[in-house]
Amino acid sequence: MASVWVFVEEDNGAPSTIGLELLTKAREMGDVTVVYLGEGGDAAFARLGEHGASRVVHLDSGDALPAAPVAAALADLAGESGPELIMFGQAYTDRDVAGRLAVRLGRSLLSNASDVALDGDGVVTTHEIFGGTQLAKASVAGPGPHLVIVRPKSFPVEASGGGAPEVSVVELPDAGAAAATITARHAEEREGPQLGEAAVIVSGGRGLGAAESYELVETLAKKLRAATGATRAIVDAGWVPYAKQVGQTGKTVKPDVYIAAGISGAMQHLVGMKDSKTIIAINKDADAPIFGIADLGVVGDVHNVLPKLIEALESR
Amino acid sequence: MQVVVCVKQIPDPAGPQALDPETHFLVRPTEQVLDDTDRYGVEMGLQIAQKHGGSVTLVSMGPAGSMQGIRQALAMGADKAVIIDDGDLKGSDALTTARVLAAAISRQAFDLVIAGTESTDGYSGVLPQMLAELLDAPALTYATSVEAGDGAITIHRQTAAGYDVVEASLPAVVAVTAGVVEPRYPTFKGIMDAKKKDVETLSASDLGIDTALDQRVDSVEAAPPREAGAKIEDDGEAHLRIIELLEQRKVI
Numbered sequence: 015m016a017s018v019w020v021f022v023e024e025d026n027g028a029p030s031t032i033g034l035e036l037l038t039k040a041r042e043m044g045d046v047t048v049v050y051l052g053e054g055g056d057a058a059f060a061r062l063g064e065h066g067a068s069r070v071v072h073l074d075s076g077d078a079l080p081a082a083p084v085a086a087a088l089a090d091l092a093g094e095s096g097p098e099l100i101m102f103g104q105a106y107t108d109r110d111v112a113g114r115l116a117v118r119l120g121r122s123l124l125s126n127a128s129d130v131a132l133d134g135d136g137v138v139t140t141h142e143i144f145g146g147t148q149l150a151k152a153s154v155a156g157p158g159p160h161l162v163i164v165r166p167k168s169f170p171v172e173a174s175g176g177g178a179p180e181v182s183v184v185e186l187p188d189a190g191a192a193a194a195t196i197t198a199r200h201a202e203e204r205e206g207p208q209l210g211e212a213a214v215i216v217s218g219g220r221g222l223g224a225a226e227s228y229e230l231v232e233t234l235a236k237k238l239r240a241a242t243g244a245t246r247a248i249v250d251a252g253w254v255p256y257a258k259q260v261g262q263t264g265k266t267v268k269p270d271v272y273i274a275a276g277i278s279g280a281m282q283h284l285v286g287m288k289d290s291k292t293i294i295a296i297n298k299d300a301d302a303p304i305f306g307i308a309d310l311g312v313v314g315d316v317h318n319v320l321p322k323l324i325e326a327l328e329s330r
Numbered sequence: 605m606q607v608v609v610c611v612k613q614i615p616d617p618a619g620p621q622a623l624d625p626e627t628h629f630l631v632r633p634t635e636q637v638l639d640d641t642d643r644y645g646v647e648m649g650l651q652i653a654q655k656h657g658g659s660v661t662l663v664s665m666g667p668a669g670s671m672q673g674i675r676q677a678l679a680m681g682a683d684k685a686v687i688i689d690d691g692d693l694k695g696s697d698a699l700t701t702a703r704v705l706a707a708a709i710s711r712q713a714f715d716l717v718i719a720g721t722e723s724t725d726g727y728s729g730v731l732p733q734m735l736a737e738l739l740d741a742p743a744l745t746y747a748t749s750v751e752a753g754d755g756a757i758t759i760h761r762q763t764a765a766g767y768d769v770v771e772a773s774l775p776a777v778v779a780v781t782a783g784v785v786e787p788r789y790p791t792f793k794g795i796m797d798a799k800k801k802d803v804e805t806l807s808a809s810d811l812g813i814d815t816a817l818d819q820r821v822d823s824v825e826a827a828p829p830r831e832a833g834a835k836i837e838d839d840g841e842a843h844l845r846i847i848e849l850l851e852q853r854k855v856i
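Order-wise, the sequence lines are chains G and A.
First residue of the first sequence? That's 15 in our numbering, and the numbers climb one at a time after it.
First residue of the second sequence? That's 605 in our numbering, and the numbers climb one at a time after it.
Honestly, the hints are just simulated from the structure, not real lab data.
You may find that some hints are simply not true.
Claimed, not checked - Cβ pair distances, simulated, as ranges:
(1) G:Arg220 <-> A:Ser670: 26 to 34 Å
(2) G:His200 <-> A:Asp754: 22 to 30 Å
(3) G:Gly190 <-> A:Lys655: 24 to 32 Å
(4) G:Ser329 <-> A:Glu831: 43 to 51 Å
(5) A:Arg711 <-> G:Asp270: 52 to 60 Å
(6) A:Asp616 <-> G:Asp270: 31 to 39 Å
(7) G:Gly190 <-> A:Lys694: 33 to 41 Å
(8) G:Ser329 <-> A:Val824: 31 to 39 Å
Bear in mind the structure is a predicted one, so any value in this text is a computation, not a measurement.
In this text, a Cβ means the ideal position worked out from N, Cα and C, and glycines have one as well.
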């Protein structure tokens, strides 16, 4: 049986959602060891066991920026026990650790995968390219450990009913010249539903015309108890923070309903939202690519349509 | 302060993108543009060099072509550029790219290496971290603000919850997010000066890098298409159709 390692970062005292998504896939492929980064605890470890982890290697980086010491420790561990595959999520710290580990192990790193399979000694991954219009299969041949970074929402979170895993603690080394320290942590106020979990999302793009018009998106979202999102274009323009960005370089979302307001549908955006169950698009340009995937496309100005929609919802 | 900014020339994202049917590598026209996300790194580098004195060197890997993209970054004010252009590097993965860039950067002393968080055409999103590991330096990633000077650097690092304040000693690698600074537009003088600036071209063997490809793209096929539904012109009543659909989907 293949040995598969999954890197899971703690989020609010529990295993991150993307970590649990990876476990659903990992346990199909082999015996699963979770490399868990965070404070840890019996409840968190039990959760990992329920999702298929038979072993947990617990690392706690405290106030050190984790990637450098974690990659150094993982390189040593992987050298000793030689897993066939190490999986990471397409998430901030995961990417940092994976990149450094690839250098340490001298291994090619496959990122942005939407699926992964072991094939003999090698690994094969699937990648959605050109806005998800095409699927590329990539591979790295030869013996592992193979390193793969998987996009969020590629696999469902499903418990398998496993028992408590065997937990071992690994002390992290001093990162030396590569060390960095976290001196403060700021949580932005989380108001309303979050992008990753919301059943309904309202997103805005360039078609809003100006930063002030994003208020229309926020007002509509409030009426629908929806999360708010944005395209890269308006994030780059500084209208809304990066945390709102949906797309290749932002978040991947699959809500029941996605309302795209003033979004033309650049490939970079489509890949992050095309798997929404229902897509409603409002855009002035009748030829905008977003209409190619919308269940309901309204060719019109968001400045006319959104206020009327908000008003109609208010009067209900 | 010696600042290095990693930049990339990419096919104009507004135009059609294609893969070579044989190799599955991205087709790169002679005329490539500066990756828009790199403008933030260049601007950050210029601001830091201006404040503390020093120079900004661009480092780039890929087909030089007409060098339009490199000239764009030079026109913003960068002092010089090093471009590693070698046919054998076609289809290189992030690790090989990082090795090439690290070798080019290590040829001279540096205090700060700045890169974007991910390129627009390849978006592997792991290159700055690899560079940092190769250079034995901290990787200050997803930076939404940067303060550098006096042998130290402090950034705000984007997190899922908000942001962390992260400190490290120089030399360091910083990966900036778009919006970290407001990139300047090149002036006419900047554009003229850029034509005279020093651009050095290197090959992989100049840097002693093995160009073997570990990662291959084996096949590319069309994804199952998503069927589009109704498309209507807004006649002033389109919002009612939206309400109807939201009701059907039990959102309201």
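Numbers of unmet hints, in rising order: Hints 4 and 8 contradicted; others consistent.
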